[in-house]
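K.L.:
Sequence:
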Amino acid sequence: MNRVESAGAVIKKRDKIFDIKLLRPLRILLGIICGTMFVGLFIDMVSPSPLVDIQLGPALLSLRTDRVIAGSALFIVVALLLITWFFGRIYCSTLCPLGVLQDATMWLARRRQFKPQRNQWRLRYLLLLGVVVTGAAGLIIPLGLLEPYSFAGRILNNLLVPISDWFNNFIYQSSEGRWLEPVKSAPFATSALVITLIGFLLLIWSAASRGRLFCNTLCPLGTLLGIIARFSRYRLNIAADSCTSCRACAVVCKAGCIDLDNKFIDSERCVMCFNCINACKFSAIGIQSHKGVAQLENPQKTNGSRRRFLAEAGIVGIGSLAVPPLLRQLASSQNQLPVMPPGASSLNNFTSRCTACHLCVKSCPSKVLKPALLAYGPGGIMMPQVDYNHGMCEYSCTTCSNVCPTGALTPLKLREKQTVRIGMVTYYRERCIIVTNGTYCGACAEHCPTGAIEMVPWKDGLTLPRVNPEVCIGCGGCEYICPVQPKKAVIVSGVKHQDNARRPQTTKLPPSEKAHFPF
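Okay, so the sequence shown: first residue is 1 according to our numbering, each after it adds one.
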């Protein structure tokens, strides 16, 4: 009988049916495919669906949205949890973009040997409890900062996409337009770059030196899947009678979850990379059928440690409930609200669902979305806001609301989006170039797609803008085109609730004889 079979392995007669050592190259191939597609998604080579749909974090958050999204999201969540219950944390080693990034970092760093890691179960559970409670209380950004899909999205959008855009435009200019098409770059956000770069450097350092330290210490989804993996039906197991304790398996375990002293593989932390199977020369590791829950690596817990953990959990839970109202109060005390992307519905809805994955920022064709720093308050760091310095929210575009994977932006049809009021215009007459220079302008009215700004007679044959708030949707065409510097004469400010403006009548203003712009 094969040595792995003697340990109760499920895959028997593997030389005739399936070579179990093929699991590792298959896992690597699937990870490369998913990682490549995820990179392609952010450099406009791959469509967002279905790659984003199979991400666990966005799918879980989408369960709180409308029934259409929640129906597909529920299927994805159930499917991924069932896969974990059957085979362990397959998701972490193949479908998670941040997991693939860490594996690529280890490969580039030529990290081939790892040390067993201490089971930080207390830290993992407390972090999971904290992000769940704060999320339920309306503060989603702690989860967003640690959730792997959003973390990877920020890395690609803020670090890779600018390089990709520069290289694309360099090729375009060098070839004099024969190769590629020019692309418009997003507004530069120093805060987003710095925060993302710090997180990225810490991630690759931990991956290069400690393997999957992030996945088994900080990642809340890794903790959730690890809890389910303790009950997994098929797990990696060490055959005690075949193992020689040569440590070949332990040094290649990037999760650091192999305890050779007790011949034990911690299924809660194991990401099913199958490195140990290929490293073992004695076929002492195989996939074994189990029923029930696996024991923790350190099962000896005194009543004192349990009481201490419960006390810590209570403190974290109470603190997590207290923080969101405080941060919302700080956000509401700000003088001017940021302009939220169309489909956000309300400030509370947006800041309680957006994980700052920056897919909308990357996908915006007019590049008017940029990551905020403290515009939404401390609880909205890195969330997207509309910036009219580089363009306007296009009247015929619904891209951002339809790519959002978490439900922070409600999917809008074009006719719906064209009446959604994302902001309100304020006209500052004392700044207007017509008043200060005594010359004709009217650029704001010319560029208003809804006719919310009209020119009314003033003096000396000149006309001044007048805003009709009933049809204004806050698209920012007026603010973007206004020639006044440094403070525009027309400024769009955000609203707490995105209601519907009155649909404009399609009328065309007659051209003026003095229609020449002083810019």
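Among these hints, one or two may not hold up.
Claimed, not checked - Below, a list of computed lysine-lysine pairs in the DSBU-like style, where the Cα atoms sit at most 30 Å apart:
| id | residue 1 | residue 2 |
| --- | --- | --- |
| 1 | Lys184 | Lys487 |
| 2 | Lys367 | Lys281 |
| 3 | Lys115 | Lys367 |
| 4 | Lys413 | Lys367 |
| 5 | Lys184 | Lys21 |
No wet-lab data here; the hints were simulated from the structure.
K.L.:
Which earlier hints turn out false for this structure, listed by number in ascending order?
P.N.:
2, 3 and 5
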